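Student: Sequence:
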Amino acid sequence: LQVPTTITVLKYEGETINLNINDLDIQQLLGSGEYGIVSYATLRSDPNIKMAVKRIRLETNDEKRLSTYTDLTTIERVGTKLHPYIVKYFGSIIDK
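Note that UniProt numbering numbers the sequence shown so that position 40 is 40, with each residue one more than the last.
Hint data in this document are derived by calculation from the structure and do not stem from the laboratory.
Any given hint could turn out to be false.
Dumping the calculated DSBU-like pairs for lysine-lysine here, alpha-carbon to alpha-carbon at most 30 Å [what the hints assert, rightly or not]:
1. Lys88 / Lys11
2. Lys64 / Lys88
3. Lys50 / Lys88
4. Lys54 / Lys88
5. Lys11 / Lys54
6. Lys64 / Lys54
7. Lys11 / Lys50
All of these numbers come straight from a predicted model, not from anything done at the bench.
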């Protein structure tokens, strides 16, 4: 199980982007639910790169935290493939 760090590497339209949470400019809330909030964001260095960012609360309880990491791993495995019912996944970052 790979635990996300404070930085991730995105592959976006043939470009490799090293991304830290501070590199994002959160524009507006798109929605929220039991598993977190989704916001519209752009990259500070290139506002033409737009994305939806899902923020999931990291639990302090070890069992719940493991469950969150397992969910992220599943999202990564499924979301990096082209699927008509799943939004494309680019990466995960821990925002402490």
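Student: Determine for every hint whether it applies to the structure shown.
Tutor: Going down the list of hints, with the structure as the test:
1. For the hint pairing lysine 88 with lysine 11, the CA-to-CA distance comes to about 11 Å; that is within 30 Å, so the pair holds.
2. Taken as a hint, the lysine 64 and lysine 88 pair is honoured in the structure, with Cα atoms around 25 Å apart against an allowance of 30 Å.
3. The suggested pairing of lysine 50 with lysine 88 holds, with an alpha-carbon distance near 13 Å, which does not exceed 30 Å.
4. Between lysine 54 and lysine 88, the direct Cα distance comes to roughly 12 Å. Compliance with the 30 Å bound is thereby established for this hinted pair.
5. Between lysine 11 and lysine 54, the direct Cα distance comes to roughly 18 Å. Compliance with the 30 Å bound is thereby established for this hinted pair.
6. The straight-line distance between the Cα atoms of lysine 64 and lysine 54 is roughly 18 Å, inside the 30 Å bound, and the hint therefore holds.
7. Annotation: proposed proximity of lysine 11 to lysine 50 holds, straight-line Cα distance about 13 Å (limit 30 Å).
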